[in-house]
Structures are given as C-alpha cells and as structure tokens.
Amino acid sequence: GENVEQHPSTLSVQEGDSAVIKCTYSDSASNYFPWYKQELGKGPQLIIDIRSNVGEKKDQRIAVTLNKTAKHFSLHITETQPEDSAVYFCAASRTDSWGKLQFGAGTQVVVTP
Amino acid sequence: EPEVTQTPSHQVTQMGQEVILRCVPISNHLYFYWYRQILGQKVEFLVSFYNNEISEKSEIFDDQFSVERPDGSNFTLKIRSTKLEDSAMYFCANTNTHRGSSYEQYFGPGTRLTVT
Numbered sequence: 043g044e045n046v047e048q049h050p051s052t053l054s055v056q057e058g059d060s061a062v063i064k065c066t067y068s069d070s071a072s073n074y075f076p077w078y079k080q081e082l083g084k085g086p087q088l089i090i091d092i093r094s095n096v097g098e099k100k101d102q103r104i105a106v107t108l109n110k111t112a113k114h115f116s117l118h119i120t121e122t123q124p125e126d127s128a129v130y131f132c133a134a135s136r137t138d139s140w141g142k143l144q145f146g147a148g149t150q151v152v153v154t155p
Numbered sequence: 288e289p290e291v292t293q294t295p296s297h298q299v300t301q302m303g304q305e306v307i308l309r310c311v312p313i314s315n316h317l318y319f320y321w322y323r324q325i326l327g328q329k330v331e332f333l334v335s336f337y338n339n340e341i342s343e344k345s346e347i348f349d350d351q352f353s354v355e356r357p358d359g360s361n362f363t364l365k366i367r368s369t370k371l372e373d374s375a376m377y378f379c380a381n382t383n384t385h386r387g388s389s390y391e392q393y394f395g396p397g398t399r400l401t402v403t
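Residue numbers (the numbering used here), protein chains in the order written: chain X, 43 to 155; chain S, 288 to 403.
Just so you know, not all the hints are guaranteed correct.
Here are a few chain X residues that face chain S, going by a calculated C-beta distance under 7 Å [claimed, not checked]:
1) P50
2) S51
3) V55
4) A71
5) Y74
6) K84
7) G85
8) P86
9) W140
10) K142
11) F145
The hints are simulated quantities; they were obtained by calculation from the structure and are not laboratory data.
Computed from a predicted model, the values in this text were never measured in an experiment.
Here a beta-carbon is modelled for each residue, glycine too, at the ideal position from N, C-alpha and C.
Could you put together the complete structure from these sequences and hints?
Here's what the structure looks like:
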C-alpha cells in the first residue's frame, strides 16, 4: 500500500520568512496530493491540492510542487505570518481508490513574530 | 460556507461499551469517510462509504466497527465494544465528486473518544 513520509516534523520560522515542507510517496499510481492545515482542537482544513498532470500550483502565499519521477511533493509558504502556525499534513490518493487519503505524519510549524 | 458537523465533540466511555459517533455531512456530498487520529500520530483512514454501502475499509476497521446513513442525512460510526486503544480523535469527511475526478475532502471538527 501507499506510504507517505513527511519532513520535517517541526519547523520554526521567523515571521516573513518562507517555510518548506516535503513529502515523498511510494505508490506510483497515486495521482492526487492535498495539503491540510490543522489548528489545535480542529479538524484538518484543505488548503491546496495538486493532481499528477500538473507540476506546480499556487494560491496567494501558498504553492505546491510535484515531481512525479522522484515521487515527492512540497508545500511552500511565503511571507509567513503568526496565523500560519499549525500542523500541516500532506496526503496522497489514487484514482482507483474511493478517495482514501494516506496522510504523512505532520509538520508542526511555528511562526515567531 | 457549508460545514461538516460532528457530535458529540467529546465522548467518554468505559471499555466494552458501545459508542455511536455522528456526522452531518455537507448536503450535496455523496462520498463519506471516517478517519481517526491517535494523539500525536498521523490521521488514519478507516472507511469510505458511497451509495449506502462500504466502498473501502482499512485493517483497523474490523468487526467491531460499522457505519450507516440511517436517515439519508446523518452518517454514523458505531464501535460495538470499545477498547482502550480506540481512544482517538475521529473525523468524518465528505466530498461531492466522483472517483476519477477530484477528491477534495472536507473534514468535520472531530469527536474525541476517550475509553477508560
């Protein structure tokens, strides 16, 4: 089955700096890669996703890149703000599954003013 | 913006008791999921549900677990005889899109289950 590895487990950045979180996946049939943000006591919130026919996607300060050959994808947050502090999870899914998401272990991002 | 809701927010139960966790999905969504997250660990898939039947389930989802959508709105997860290791946060998720298309899943706030 699919195995998703996520690094780093914790990330501290100064406000205004960029944050990068990396994930690798094992199943070459995976073709959908969402990123979720989880704040304390809340459910995961979808912040951006990318499909395997696209190499990069951007939404304001957030961008995701996908390298299918290397089977890795990354989340980039620019101009970080204190409200970006949360746990971020990457996930992978494949077309012939019923949307089952396999999650990475999560990255605790702390943005210090 | 429509939201997924879950009740209760926190459930404390004794080992061996049955619990039912409830979810009210976004109204036009057709695909439903349960995930769980043991404290400090990754979110794990339990089961997916479409057209009133289970479409896929994980090894975690054994005979003690069941799901149903009894009234066409609520989506429930039942654990027949809870074990200590069932203590976790349980998330309901849903999507309104078809397999082979997009899969944006929207998660509820979760139910924290504590088994004592």
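How the hints compare with the structure:
Interface restraint check: P50/X against chain S, minimum CB-CB distance 15 Å, threshold 7 Å, status violated. The beta carbon of S51/X is not positioned within 7 Å of any beta carbon in chain S (closest approach about 11 Å), and the interface hint is therefore violated. Violation of the interface hint for V55/X is found here, the shortest Cβ-Cβ separation to chain S being roughly 22 Å, above the 7 Å cut-off. Of the supplied interface hints, the one on A71/X is violated, with its beta-carbon coming no nearer than about 13 Å to a beta-carbon of chain S, more than 7 Å.
Interface restraint check: Y74/X against chain S, minimum CB-CB distance 5 Å, threshold 7 Å, status holds. Proximity of K84/X to chain S holds as hinted, the smallest CB-CB distance being about 6 Å (cut-off 7 Å). Here the hint on G85/X is kept, as its CB sits about 4 Å from the closest CB of chain S, short of 7 Å. At its closest, the beta carbon of P86/X sits 5 Å from a beta carbon of chain S; the interface hint therefore holds under the 7 Å criterion.
The beta carbon of W140/X is positioned within 7 Å of a beta carbon in chain S (closest approach about 4 Å), and the interface hint is therefore held. The beta carbon of K142/X is positioned within 7 Å of a beta carbon in chain S (closest approach about 5 Å), and the interface hint is therefore held. Here the hint on F145/X is kept, as its CB sits about 4 Å from the closest CB of chain S, short of 7 Å.
Hints 1, 2, 3 and 4 from the list above are not met by this structure, while the remaining hints are.
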